[in-house]
Structure formats: structure tokens, C-alpha cells
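Take the two lone chains, each set in its own frame, and fit them into one complex as the hints suggest.
The lines below spell out each chain.
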Amino acid sequence: MNCMDSTTLTTPRLRMTAVQKSFGATRALKNVSFEVAAGEVHALIGENGAGKSTLMKILSGAHLPDAGAVELDGQPFVPANPLRARRSGIAMIYQELTLAPHLSVEENILLGEEPARCGWLNRSRRRELAHRALAELRHEKIPLDAPVNSRTIAEQQIVEIARALIGEPKVLIMDEPTSSLTQVDTQNLFAVIERLRRLKVSVIYISHFLEECQRIADRYTVLRDGESVAHGDMASADLRQIIRLMVGREISDIYPRMPHGLGEPVLELRALAGWPKPQAASLTLRAGEILGVAGLVGTGRTETLRACFGLDRVYGGAVLVRSKEETHRTPAQRLKSGIGLLSENRKEEGLMLNRSLADNLTLTRYAPLSRCGFIQRRRQRQTAQDWMDRLDVRAQDPGQTVGELSGGNQQKIALGRLLHHQASVLLLDEPTRGIDVGSKAQIYKLLGQLAEQGKAIIFVSSYLPELLGVCDTIGVMCRGVLLEVRPAGQWTEHGIIAAAIGQAATATA
Amino acid sequence: MNKSAPAKAFNPFHALNVVGPFFGLLLVLGLFSLSPEVRPYLFTGGNFKIILIQTVIVALGALGMTMIIVSGGIDLSVGSAVALTSVVGATLLVKGYSTATAIVLTVLAGGLIGLANGLIIAGFSMMPFIVTLGMMGVVRGLAKWLAGNQTVNSPPDAPLNHLMARVSPTALFPLPPGVWIAIGLAIVVSVVMRQTVFGRYIYAIGSNEATARLCGIRVRLQKVLIYALAGLLFGLAGVMQLSRLTQGDPTVAIGLELDIIAAVVIGGASLSGGTGSILGSMIGALIMAVLRNGSNQMGWQNFTQEIIIGIVIIIAVGLDTFRQSRMRR
Chain F
1 MNCMDSTTLT TPRLRMTAVQ KSFGATRALK NVSFEVAAGE VHALIGENGA
51 GKSTLMKILS GAHLPDAGAV ELDGQPFVPA NPLRARRSGI AMIYQELTLA
101 PHLSVEENIL LGEEPARCGW LNRSRRRELA HRALAELRHE KIPLDAPVNS
151 RTIAEQQIVE IARALIGEPK VLIMDEPTSS LTQVDTQNLF AVIERLRRLK
201 VSVIYISHFL EECQRIADRY TVLRDGESVA HGDMASADLR QIIRLMVGRE
251 ISDIYPRMPH GLGEPVLELR ALAGWPKPQA ASLTLRAGEI LGVAGLVGTG
301 RTETLRACFG LDRVYGGAVL VRSKEETHRT PAQRLKSGIG LLSENRKEEG
351 LMLNRSLADN LTLTRYAPLS RCGFIQRRRQ RQTAQDWMDR LDVRAQDPGQ
401 TVGELSGGNQ QKIALGRLLH HQASVLLLDE PTRGIDVGSK AQIYKLLGQL
451 AEQGKAIIFV SSYLPELLGV CDTIGVMCRG VLLEVRPAGQ WTEHGIIAAA
501 IGQAATATA
Chain B
1001 MNKSAPAKAF NPFHALNVVG PFFGLLLVLG LFSLSPEVRP YLFTGGNFKI
1051 ILIQTVIVAL GALGMTMIIV SGGIDLSVGS AVALTSVVGA TLLVKGYSTA
1101 TAIVLTVLAG GLIGLANGLI IAGFSMMPFI VTLGMMGVVR GLAKWLAGNQ
1151 TVNSPPDAPL NHLMARVSPT ALFPLPPGVW IAIGLAIVVS VVMRQTVFGR
1201 YIYAIGSNEA TARLCGIRVR LQKVLIYALA GLLFGLAGVM QLSRLTQGDP
1251 TVAIGLELDI IAAVVIGGAS LSGGTGSILG SMIGALIMAV LRNGSNQMGW
1301 QNFTQEIIIG IVIIIAVGLD TFRQSRMRR
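Those protein sequence lines, which keep their order, are chains F and B. Counted the way our numbering counts, the first sequence spans residues 1 to 509. Counted the way our numbering counts, the second sequence spans residues 1001 to 1329.
Simulated from the structure, these hints should not be mistaken for laboratory data. Treat the hints with caution; some may be incorrect.
Lysine to aspartate or glutamate pairs mimicking DMTMM-like chemistry, simulated, CA-CA at most 25 Å apart [to be verified]:
no. : chain 1 : residue 1 : chain 2 : residue 2
1   : F       : Lys57     : B       : Glu1209
2   : F       : Lys347    : F       : Glu96
3   : F       : Lys141    : F       : Glu96
4   : F       : Lys347    : B       : Asp1157
5   : F       : Lys170    : F       : Asp233
6   : F       : Lys324    : F       : Asp392
Pair ranges (Cβ atoms, derived) [unchecked claim]:
no. : chain 1 : residue 1 : chain 2 : residue 2 : range
7   : F       : Ser323    : B       : Thr1321   : 33 to 43 Å
8   : F       : Leu64     : B       : Gly1141   : 18 to 28 Å
9   : B       : Ile1314   : F       : Gly316    : 29 to 39 Å
10  : F       : Met352    : B       : Thr1321   : 22 to 32 Å
11  : B       : Gly1141   : F       : Asp225    : 21 to 31 Å
Backbone N, C-alpha and C define an ideal beta-carbon position, used for all residues, glycine too.
Chain B on its own, in the form it takes in the complex (with noise of 0.2 Å):
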């Protein structure tokens, strides 16, 4: 009587769930091949190259607000947070700091940004999307006052500037390193989220938080982790930002929480939390890439880009809902 536990049956919805937004990048990718003057110039590798680069921003965000999201939160203060970090390391770098130390400081800048909205959301019971929303507007003026309401140009032979710089523009590799951040990242977190209790339990906040308490998941201090480990990501974000630019702007990168949530809503996840992966959010990320680099290509306005781009989200989070229907049956 006593069988071994049976293993795991493969379920081809939950392929369909990993396979969906790959597909979408295939299609996207698809659709713009079409064209007879952009494919020979779509598929190079210094073209990949660029909306590698052009990715790692919103894909580094992507990650910390997958976690968020799946926890049944939102988090608004990406773009703030990310124009505040930069200026912050543009500054570090412009006293004198170390590479490293500026990194570093920048980083734990983002990750305080992260723990002051954790903080509020789980002490108070707040709603983050208000919490967030305030917290944006917050961080947006610290970054113009710290800044003194222009940019702050990073020293112009700064090693940081090398962390996004395009070497050899016309073949995919050599990448730069702040490509390779995103990608070692996207795996560690990935990690996180599948393997550790940790990661389990975001996933189990977002699904059904009263059932989380019940079953013993201090629930406040893991939220106040989540946000406080994205605020980190938004940090790190904050320094490509920086390194792209070269220098730290307080006005950069408004809208840019709106993007990656968009990535990640494409990439599988629900906003009402409990479902999402990092997978699903990267090929979103790469998808909202490739709609803004293959759009330029076509010699589109941007007006045009913004429209394709919106019913895009609308189209993928409608496919999703009725996968998600016809699932349930």
C-alpha cells in the first residue's frame, strides 16, 4: 500500500504558461521581418546588441517587480527611484569614490527607497499602489533637490561608463557587462522565486494573504523584504541608467515603472498577484525591446510606437485572460 509519491505529470497548459510570451517575441520578431527594408538590418548582431542594451533597464526593474507584483502588490516609484539612484551615483563618482563604493552605495540608496515603502505598506496596512504613488512624487523631488535641478555629469573617463558602452558596434558579442548583471541576475532571482521557502511564500501572499497569516507566514516582514530586495534591483537599474547617459539625471526615466509593469503583465503575471514568472517578465522585457527598436527601424513616429506598444498590452493581457478562462473549465 505504501507507493511512492507519484512524479510530476507534465501538463500542457502549464507549457502553454512558459511557452505564450515566447511565442509573442517570436511573432513580434515575425511581424517586423516582414518588411523587406528592415530585415536585412532586424536580424544582425549588432542589431540584438542594442535591444540587449536597450532591455537591461527595464528588465533589471522587471525583476524586482515581478516579485512585487506576484505578491499581490505594485510598486510606482520605479522611475523616481531609478532618476534618484543615478543622480546619487553621478555624485558619489564626481567626489571622488571609488567605482565600487559608488556601486555599492547607489544600490543600497535604491534599496532604502525599497525598505521606506515596504515599511509604510506593511506597518500601516497601506495600499502600495497609494504608498507608491506618493513615494514617486517624493523621490522624484529628492532626486531635483540632491541634483540641484540639473544633471550631474559622471567624470568622463569613469570605468562605470564602461558597464553599458557598445565595443565593437557591429557584432553581438563582445556584450557589456551590464548585460551580463541582468542576465546572471534574472537566473538568481529566478531561483529565488522557484526554489527557496522565501520565494514560495511570495507566491503564496499573492494568492490568498489571510490563508499566508494562517499558515504561519509572518507576512509584513515579507513584504517589507520584497520591497526592500526590488528597491535593491531599482538601485542597480538606477546605476546602468547612469552608465548609459553618463551622467545622473533627476528627470530621466519618468514613466519607466509603467514599462515594466507592462513587461511583466505580458510576461504571465496577474496584478491581482499569485501568478507571474521571472522567465515570462524577461521575454517581456524583450518583446517591449524589440516593438520600440524594430518601430525606429520602420522609420515610425513615436506617436505611432506608443499606440502599437499600448494595444500590444492590451492584446497579450486579453489572450491571457482567455487562456486563463478556458483553463478553469
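Bound conformation, chain F alone (with noise of 0.2 Å):
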């Protein structure tokens, strides 16, 4: 890279002052500013509704501010449509992976930017494009000529990386990049962060993992009700204040610890396997306890759930409930025996999106709610209040459709729909990811109270932190094989990451 000249020395990469933008009624942006240097990793932190993702709109032309000023480079900058934005040097990396899943790595890599005369495509141009795009990243191993659905999420994150690489972009925006990558994955990430700011590319870096922030990121920005509220470098930077700045109140304990003990097994797995995954799991699941399942993705952790629930063949091993062997079961029966099933995968699975709030919480028991095989839509209603009440979920009223909540609402739905269903056994896949600090408090909270309620729960989660505060016992699954499950205190995050990767021994050294 050339070393700096005078104006950027001078001048920040991006500057946003006093930006504001209203809805109709709502202000969305009341007033944010913040500046962000070339090569710089800035972090914008706030709860989900903090204007996070208005200003990000705004930055990649989706959206044109009402007031106030924004500079790429000292020159006013104000995107008219997202195609313009991408040209002027602003790249997206979106929660939602945006890759076209049939088409191969390298057609992703260059989709729309191909390189072409008259229309007609210069492939061997495009390889070598794409190849370069992934080498810069140190990831030209992922193969170009796979479809991109056969890729691990990681890897096509990578791609996404690579797509955002090719416009040659100022200023890369990431939000929520680890929201579904293991810990592992997420090293790999930040060092392709670092690749980044060596080739003086600017990162605004959005994340709910504060720790991730603190890693990875020079300085932050605070956003709380669509206000920049503070600023500051990252490594002076103290986290129980950011916490404090961002939900504008103390939060005491973000993980609450509720007194409750253990009883009887509900449920016991004897080395189950599926094909291909997993291997071997073995657990057994107490009335009242809270077992967290830790491990890289891709090593068999939801697998174990699906096969369990039987949405996938079980083809080893033994499921016992209640001490009564029942492997192979449908989802069907499960239900029926008071086994829910929480999908890692909210927006596809877990949710029927262009449905109702009361239609999604009641799914799966309609009997309190319907007399002679008619629902009475006035009692479902009514329900779905009051679970929306007690999971304080913030909508309008139980008709809403539930793909205009936001994540952490959406999954208090989903969740919801299990405590309609009375479950007594809840395996729960990812139940904070993509969420905001407050809605993972309230379900920590949450599973505290059902822990204390005796019902069983199995936690799977990539996000240690919440592993150790959360849960009685952690096994740790490696290569689809889940042997051991220990008390969470005999862990650690070292101990766990450790045997994630398969290094048990020196876990316990």
C-alpha cells in the first residue's frame, strides 16, 4: 500500500454529522455523528431499534436523510440508490447471507460486475478476478467452480467478502458478521478484517458481541434511540459502560441465576446417530436442568436436535423419554409427548412468516383454543395477548404478521409457541442469535424461570459466554461425537474451545 498522504491524514474516510431521518411519525434518526478513518475497524453498537439499520440505509443509497451532512473522502456524499452507493465505494455485508445459491462461487464473486465485451462474458477474465478476490483474503482454497450452497455459511460469507472486494471498496459495512459463525470461524473472520484494514479499507463493524467489538475494532460508536450518545477508542473502552450507554439502564446481570433443582430424566440419548451426522450423542436430560451443547457448526449439533425431534432418520443408538425407549418417533409424536423443537433457522423453518403473530404462537395446540374442530378466533386472539404479555413482545396486536417484528421478537414468538404447546422438554437451536443484549437477557431470564418450572431444556449455542452463565451442564460435541457432559463450572472458555477443536487434553492440563 502507498503510505498515507496529507488528506488522509486530514480528512476522515467517512464523516456523518447530525444526520437525521423520520418515518411519518417515527424518527428513526434523530441525531448521529460519527467519523470513521481509512483502515480504521469502527464499531456500532446499539439495541436492536437503535437506528442501526436506518443509518446503514442511508449509507448504502436505500434511504436519503432528511438532515444533516455525510463526506466520503471531504466530498459531500448522499447515495440515490444502492447501485450508486457501490460505485462510490460503500460495500454491504448483510446478516442474511445475499449470495445466489445455484450459482458458483465465482459467479457470485463477480455477479454484476462481470467482465464482458458487448454483452458476451470473458470467463477466464472472471477466474482470475475471483481468484484474486479470494487469494487478497487468503481463501483462494475455496473452490470457484462449487455451487455456493455447498459451501459451509463461513465460506460463503467469505464470498460475500470477496463480491464486496471486487468494487474496490472504501468503506465496508458488516453487520452482524458472526451471528452464525463458530469461534473458530470467527478468528478466520477477524483475520480477514485485518487483511482489510492493511489495504486501508474502512470497517463499520456491527455486532451485538461486545467482547467481539473490544477484539477487532479501533474505536465505537454508541447508538441508542437513533442518537450517537458516545464515542471513544476500543481498548480504553469499558464494557459494563457500553452496556450501560446502550440500553440507557444498568443491566445487573445480564445472565440471572435462579435456584432450581434437579429431578428425574426426561429424556436420554445412547450414542444416536444420523447419516451423516452425528456420530455418536450421548446425554442424559434432567427435569429442571439447562444442558448447553457447545461445538464448532457443521459438527452435528443441530443434527442431534433434528434427529431427536425426528425430523431426520435416526440410524444408531437410542432416544429414551421418561426412561421409555422411543427412538424412532415423528415430529408428530414428539409433540404429542411434550418434546418442542426450536429451529436454529428463524426465518425458513421456525416461523411462518406471512402468518400472524396468534396463527404462529397457537400452531401446534389449537384444542383449548376450538370447539368441534372450528377455531374460535376471538379465544386464539386472546391467547396469543397474553403470551405476547408474558414474553413482552412488542408489536401492534396478535394479528401483526410476524415478519414485520424485528429478530428479538420473532424468536420470543417462536419460543412462545412452545410454552403455548406446554412443552416440557425444549431443545432449543441458536435461540439468541441475531438478537439485541435486551431480548437475550429477557430469554435468559426466561429459561431460568422454565428451568425453575421443571422443564428440561437442551441448549445449543455457539456463544460461550452464555453457555457458562446460563447453563447447569455443558457437553461439548467434536466430529458429531458428544460423549461427556459436565457441570458448567468444571468449564471453561479456553476448556471448551479446546475440546470443540478436538484438543480435549490440553483442555484439562
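Next comes the structure, spelled out in C-alpha cells:
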């Protein structure tokens, strides 16, 4: 890279001054100001609804600001549409990956920017450009010809970043990039961000994981209710202080401990095997227990839950429900015996996004709401309203479609369905993925209450602090095998990571 | 450190995708050849000529339909469009227009129907299924109105009739010009789908429309172009229909769209978009024609043929689904 010239020293890459934006009566952004220098990683921190997405949409050209100034390299920057913003050097990595699943890695990287003459593709040039983009990220091992949906989520994300690099971006905005990554993949992503920093790309890093922001970011800006309330250097930042600024109140303890005793075993897995994963998953879950399952993404945690719930076929081993052998069952039978599954894929599997809150909440148990097979709308609405109140769901009314809610509220609805079903065994797959700190704290508290009521919970998560904070016992899955479940107190983050990557020996040492 | 880009790796599943429909075609031919009565006749040049001629209309339709289905859409108005354009062509010939003019205007009429479909679908963000279902009725009605509710005979000596004429019926060659036109266009459309930016955008839109928009692809314009281009091909299918019957018939080609969709799907395309190939669709069209031809020679009744073709479609798509799920693993 060239050495910095005088302009980059004095002028920030991106500067926003007193930016405002309203939608009708809602003031999404009241007063936002911040600066990002070239090659700086800047963490943008705030709860859902604080205005982060509106801010990003202004930068990416989807919305125009009502007032205030945006400058890119000292020049006024008001992109009229997303394409213009891209051309000016603003690139965006969305939380939900935006790849074309059937197309190859190479095609995705150059999508919309294909090298061509008179509409005629130049394939060898495209190959070269795609390869170079991956090489810059030190990920040239990803095969260019593979359909992108055959790669892991982490690799798909690299493909997205490579695609952003094609436009030679000045500013790269990453929205919750690690929400579906494991610890190891997160490390790799950080290495990629380091590369970007060296390429003098400014990175705006949006994440709910404050520890991550602290690790990767140079500076931070806290957003609350559409205002930028604090800036500072990440190195000297106090996390508790930042949380207080984010939520405007002190969260005394985000992992509340509620006393609960363990009862009889309600669910046992004995060397449960599916195809191709898991290979052997064994655990014993007791009433009133929160059992955490850690491990890398793709190691078979989701598959274990799915096989256990009857969504995938069981090829070996046994499942015992309340000490009775019930290995091969359908999801309907599992639900009948009080086992509920919360899917990790909220949008595609977990919820009917275009249906109402009430429909989503009551889907699995209509009996108390219906007479002679006819659902009584009024009772359904009432029941839904009750759950919304108890779970503190922020929505207009039970008739609203779920797709309109924020991630945290959607997740509460998905969880609410299991509660309405009166499930006594809850299989939760990444229940806090991609939701804000406030909603997370509420879900942790809810899990504690459920355990207190004697419900048994399997809690699959890639976020170790929450596993350590919430669970009674934790098992680590590695390469499709889950053997030992130990009390949470015997684990450390380091130990879990070591076990997850198959280095358990060093963990105990 | 600066290594050049790696060469394209051989992917066995990729090969299977192409070979799959071809294998199906061989299987169908093989099954028919088990019958001792049919075998000696099935593999004659004359019979292959019949099969190829019978394939032309479905094949031309499948060229357009493949573009539409790969982009995640569907067009149900093809049968009606073929009927209307055949009437348009016959009427022009009766009015004394030259063959070339008649062909060009007929093809353009098809393009116009496609343009209307595309503009409505893209302009109002409507479901292609509904729009083209409506258009199916509208166009069929227009055809009957234009033809005065009867068939329009082309002049008996019209050169256009030679497009699909079966000269020297016992030998494979010479093939009628219609077959060569279909083969030529198949190559052209295949190259467009594979080698041009326009073609790759069709796949991108069908695979993930939101992403396509995000990447700066003008999705609406692209859709209008896809339907209009497909319409031109459907218009050409109408010309072939006219040539084959030597009359414009407003009630012809009812249900043709379903044969075409079946050919495209047998050829490996997914109705949810993003996958499919011209080569596959062409083989799919051939499979449909061979099934008809073979069933005729077996002396099977019409209803038996319908049942068998229905079963073949289900098996073909079932195999494809199975293959996809294996590939995912």
C-alpha cells in the first residue's frame, strides 16, 4: 500500500454530521454523528431499534437523510440508490447472506460486475478476478466452481466479502457478521478484517457481541434511540459502561441465576447416530436442567436435535423419553409427548413469516382454542395476547404478521409457541442468534424461570459466555461425537474451545 | 504467492446433470426396442425424421420456456400464443403478403404477447402464473375472434408449407428446414444462456431475486426481455404449427404449454428457478416425442399414452429431486 498522503491524515474516510431521518411520525434517527478513518475498524453498537439499520440504509443508498451531512473523503456523499453507493465505494455485508445459491462461487463473486465485451462473458478474466479476490483474503482454497450452497456458512461469508472487494470499496459495512459463525470461523473472519485494514478499507462493524467489538475494533460509537450517545477508543473502553449507554439502564446481571433443582431424567440419548451426522451423541437430560451443547458449526449439534425430534432419520443408538425407549418417532409424536424444537433457522423453518403472531403462537395446540374443530378467533387472539404480554413482545396486535417484527421479537414468538404447547422438554437451537442484548437478557431469564418450573432444556449455542452463564451442565460436540457432559462450573471458555477442536487433552491440562 | 487461477475441476455431479436426461432418452428408446414388432421400424431414418418433426414445436417452445423457468417464472399462455400466431400467419398469407413478411410479422406477434406478459409481470410485480393464466384466455379469445371462429387455410401452394414438409419419407435426410431452424436456435439460445451476461443474469434472478437486485442487476428490465424473447420463439413455434397444418387454427395447441413445461422439467430445470439448461430441455422435448411416437407404434390407445407420459414426468422429476438431495450432502 502507498504511504498515507496528507489528505488521508486530515480528512476522515467517512464523516456523518447530525444526520436525521424520519418515517412518518417515527423519528428513526434524531442526531447521529461519527467519523471513520481510512483503514479503521469502527464498531457501531446499539440495541435493535436504535437506528443502526436506518443508518446503514442511508449509507448504502436505500434511504435519503432528511437533514445533516454525509461526507466521503471530504466530498458530500448522498447516494441516490444502492448501485450509486456501491460505485462510490460503499460495500455492505448483510447479516442474512445475499448470495445466489445455485450459482458457483466464482459467479457469485463477480455477480453484477461480470467482465464482458458487448455482453459476451470473459470467463478466464472472471476466473482470474474471483481468484484474486479470494487470494487477497487468504482463502484461495475455496473452489471457484462449487455451487455456493454446497459451502459452509463461513465460506459463503468469505464469498460475500470477496464480492464486496471486487468493487474496491472504501468503506465496508458488516452487519452482525459472526452471528452464525463458530469461534474458529470468527477467528478466521477477524484475520480477514485485519487484511482489509491493511488494504486501507474502513470497516464499520456492527455486532451485539461486545467482546468481539473490543477485540477487533479500533474505535466505537454507541447508538441509542436514534442518537449517537458516545464515541471512544475501544482499547480503553469499559464494557459495563457501554452496555449502560446502550440500554440507558444498568443491566445488573445479564445471566440471572435462579435456584432450581434437578429431577428425574426426561430425555436420554444413547450413542444417537444420524446420516452423516451425528456419529454418536449421548446425554442425559433431567427435569429442571439446562444442558448446553457447544461445538463448531457443522459438527452435528443441529442434526442431533433434529434426529432426536424426529425431523431426520435415526440410524443408530437410542432415544429414551422418561426412561422409556422411544427411538423412532415422528415430530408429531414427539410434540405429543411434550418435546418441542426451536429451529436455528427462524426465517425459513421456525416461523411462518407471512402469517400472524396468533397463528404462529398457537399452531401446534389448537385444542384449547377450538370447539368441534372450529378455531375460535377471539380465544386465539386472547391467548396470543397473553403470551405476548408475558414474553414482552413488542408488536401492535396479535393479528400483525410475524415478518414485520424485529429478530428478538420473532424469536420470542417462536419460543412462545413451545410454551403455548406446554412442552416439558425444549430443544433450543441457537435461540439468541442475531437478536439484541435486551431480548437476550429476557430469554436467559425466561430459560431460568422455565427450569425453575421443572422444564428440561437443551441449549445449543456457539456463544460461549451465554452457555457458561445460563447452563447447569455443558457438553462439547466434536466431529459428530458428544460424549461427556460436565457441570458448567468445571468448564472454561478455553476448555470448551479446545474440546470443540478436538484438543481436549490440553483443556484438562 | 501470486499463483494463477486454478483450472476448472471436473465435477462428477456436474457431468451427471448433463448426462441424466440423455440417459433417460436412451432408456425410453431402449424400452420401446424391447418389443419385436416395434424395433425394426423404430430405428429407421424415416421414423427419426418423424420424431424430429414432431419435436420442433415443443422444442422451440421449450427454448423460450427454459429462459422463463430458469428465471423463476412460468408462462401458461404458450398454447394460446401458438394458436393466435398461426392464425395471424395464415391471415397474412391469404391477404397476399410475401412469405418472409408473413413469417417476420407472425414471430413479432408472438414477441408482442410475451412483451405484454413481461410488462405486466415486471411492472406490477405480479405472479407470472396468474398473469399468464389470464393471458392464456385473452390470447385464445383473440385468436378465435381474428379467425372468425373457424380455421384459416393458407394458400395451397404457399412456400411456407415446406418448412415442415416431409420430403422423401423413408430417409432421415433431407430434414425439413424447420428442424434445422430449431437446432440452430437451440445452439444460439444455449450460447446466450451460458456465455452472455444477459444469460447469466437469468440464472441469478431465478436463484435469488433479492440478491440480483442488490448486485445492480436491472431485474424488471431483464424480466421484460426474457418474456419478450421467449414470445418471439413462441411466435416461431406458431409459424411451424401453421406450416405443419397448412392452416391457422384458433383451437390448436390446447395444453401445449404443459408439454413444454414437462420437457423443460424433464431436462433438469427446477420450477423454483436457478437451474436448467437448453441441452437438457431439448432432450426433454425429444423424450416427449419419442414417447408419443413409440406409444403410437405399440398401438396403445390415447389414454394409455397420457398415463405413461404422466408417469414418466413424475419419475423424471423424482429422480432429479433425489439426485439434488444426494448432491447437497
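We went through each hint and held it up to the structure:
Among the hinted pairs, Lys57 (chain F) with Glu1209 (chain B) is consistent with the structure: their alpha-carbon atoms are about 19 Å apart, no more than 25 Å. A distance of roughly 10 Å separates the Cα atoms of Lys347 (chain F) and Glu96 (chain F); the hinted pair therefore holds under the 25 Å criterion. Note on Lys141 (chain F) and Glu96 (chain F): the hinted pairing holds, with a Cα-Cα distance of about 23 Å set against a maximum of 25 Å. With a CA separation close to 63 Å, the supplied pair Lys347 (chain F) and Asp1157 (chain B) exceeds the 25 Å bound.
Proximity of Lys170 (chain F) to Asp233 (chain F) is assessed by CA-CA distance (about 21 Å); at most 25 Å being required, the pair is judged to hold. Restraint check for Lys324 (chain F) and Asp392 (chain F): not satisfied, since their Cα atoms lie roughly 37 Å apart, outside the 25 Å limit. At roughly 39 Å, the beta carbons of Ser323 (chain F) and Thr1321 (chain B) sit within the given window of 33 to 43 Å. For the hinted restraint 18 to 28 Å between Leu64 (chain F) and Gly1141 (chain B), the CB-CB distance of approximately 46 Å leaves it violated.
Taking 29 to 39 Å as the suggested C-beta distance range, the pair Ile1314 (chain B) and Gly316 (chain F) conforms, at roughly 33 Å. Under the hint 22 to 32 Å, the C-beta atoms of Met352 (chain F) and Thr1321 (chain B), about 23 Å apart, fit the expected range. Between Gly1141 (chain B) and Asp225 (chain F) the Cβ separation comes to about 59 Å, which falls outside the hinted range of 21 to 31 Å.
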